[in-house]
Amino acid sequence: MSTNLVGPAAVKANARADTEVNFGFWIYLMSDVIIFAMLFVAYLNLSGRTAGGPTPQELFELPLVFAETMALLLSSLTFGLAMIAMHAGHRQRVLAWLGVTFVLGTSFISMELYEFTHLIGEGAGPQRSAFLSSFFALVGTHGLHVTAGLIWIAVMTGQIASKGLTGPVASRMARLSLFWHFLDLIWIAVFSTVYLAGVTQ
Amino acid sequence: MSSSPTHTDQHIESHAPTLGAYLTGFVLALILTIIPFSLVATGWLPPVATLIGVALAGVAQILVHLRFFLHLDMSDEQRWNTIFAAFTTVILFVLVGGTLWLFYSLKIRMMIGH
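So the sequence lines, in the order shown, correspond to chains A and B.
Mapping of the first sequence onto our numbering: residues 1 to 201, in sequence order.
Mapping of the second sequence onto our numbering: residues 1 to 114, in sequence order.
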């Protein structure tokens, strides 16, 4: 019934049916929390095992991490603005904010790739020590998630541009919103546990 | 069909995200990011106190994100998500706490690094 509606009406009509579907997606996210938790535990246990190689204090650059953090936090805000525009039925504004979110997410991934290539170039690749193996496993897994989120944003941009703000499109946007904010949440744990704690010791 | 939008308007208490919630969340998250970064960058506190500060700011920011960005609360729409998140937190304590405890104990018994 709601698939024929377009705009705010469609968004609202789908909200209730979505609650169950979103709960299923939430269960997936919580299981993803467990994956990240185990990677964090591996990192915490292995971060001191540098095998005579570089230590966290020698490798991590806080200004870069701060810039990454700001890019991701801002992208959370801009995604929120896209969701607000969607509920108001402003298709062009949704596309614009999704575009900004995509650019911020891409800049985050670019900074991360810069850091990774820089580390590998310095001989601090994942094979150097248990500390670096667990570092690349943890931060890399988060980066892969963000990349998946970027692909999803690109797909939704295409769907909104071609189909408009229909019920199913709004429903998928609700899940993408959860996914994107969730990645920012995991990043808080990453920058606190890996970078800030690593530089402090 | 033309009447259904108004119909749903009345029945669904709009849980549409608001600008105010997002901006509040953003400003709080910003503050809770700047605090730990400046604690570490300035070395204002001794290392242990810095680590505690970083941990507290991190937990506080995660709660801010859950409330203002992921919209977790006890409304009809969100109740089960919130309960499931709480359950996951319990599992996290068992997994993370248990594993750290186990490895710490192992380290002591094996005297690794001594």
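Hints in this document: simulated from the structure, not taken from any laboratory.
It should be emphasised that the depicted structure is a prediction, and the values quoted were computed from it without experimental measurement.
It is possible that part of the hints are untrue.
Partial list, computed: chain A residues near chain B (C-beta under 7 Å) [as the list claims (entries may be wrong)]:
{"id": "1", "residue": "F25"}
{"id": "2", "residue": "W26"}
{"id": "3", "residue": "M30"}
{"id": "4", "residue": "I35"}
{"id": "5", "residue": "L39"}
{"id": "6", "residue": "P54"}
{"id": "7", "residue": "T55"}
{"id": "8", "residue": "Q57"}
{"id": "9", "residue": "L59"}
{"id": "10", "residue": "F60"}
{"id": "11", "residue": "L64"}
{"id": "12", "residue": "A67"}
{"id": "13", "residue": "I84"}
{"id": "14", "residue": "I151"}
{"id": "15", "residue": "V199"}
{"id": "16", "residue": "T200"}
Built from N, CA and C at the ideal position, the CB exists for glycine as well.
Consistency of the hints with the structure:
Evaluation of the F25/A hint against chain B yields a violated restraint, the C-beta minimum of about 10 Å exceeding 7 Å. Interface restraint check: W26/A against chain B, minimum CB-CB distance 5 Å, threshold 7 Å, status holds. Interface hint at M30/A: satisfied, since its Cβ lies 4 Å from the closest Cβ of chain B, which is below the 7 Å cut-off. The interface hint given for I35/A is violated, since its Cβ lies 11 Å from the closest Cβ of chain B, which is over the 7 Å cut-off.
For the restraint placing L39/A at the interface with chain B, the shortest Cβ-Cβ distance is roughly 11 Å, beyond the 7 Å limit, so the hint is violated. The interface hint given for P54/A is violated, since its Cβ lies 18 Å from the closest Cβ of chain B, which is over the 7 Å cut-off. Look at T55/A: its Cβ only gets to about 14 Å from chain B, farther than 7 Å, so that hint breaks. Checking Q57/A against chain B by beta carbon gives a least distance of about 11 Å; that is not within 7 Å, so the hint is violated.
Against a cut-off of 7 Å between C-beta atoms, the interface hint on L59/A is violated, since the closest Cβ of chain B lies about 15 Å away. Given the 7 Å rule on beta carbons, the hint for F60/A is violated: about 10 Å separates it from the nearest Cβ of chain B. Because the beta carbon of L64/A sits about 12 Å from the nearest beta carbon in chain B, more than 7 Å, this interface hint is broken. The interface hint given for A67/A is broken, as the beta carbon of that residue sits about 11 Å from the closest beta carbon of chain B, more than 7 Å.
For the restraint placing I84/A at the interface with chain B, the shortest Cβ-Cβ distance is roughly 6 Å, inside the 7 Å limit, so the hint holds. A least Cβ separation of about 21 Å between I151/A and chain B goes past the 7 Å threshold, and the interface hint is therefore violated. Hint on V199/A holds. Least Cβ distance to chain B is approximately 6 Å, under the 7 Å limit. Checking T200/A against chain B: minimum C-beta separation of about 5 Å stays under 7 Å; hint holds.
Violated hints, in rising order: 1, 4, 5, 6, 7, 8, 9, 10, 11, 12 and 14; the structure is consistent with all others.
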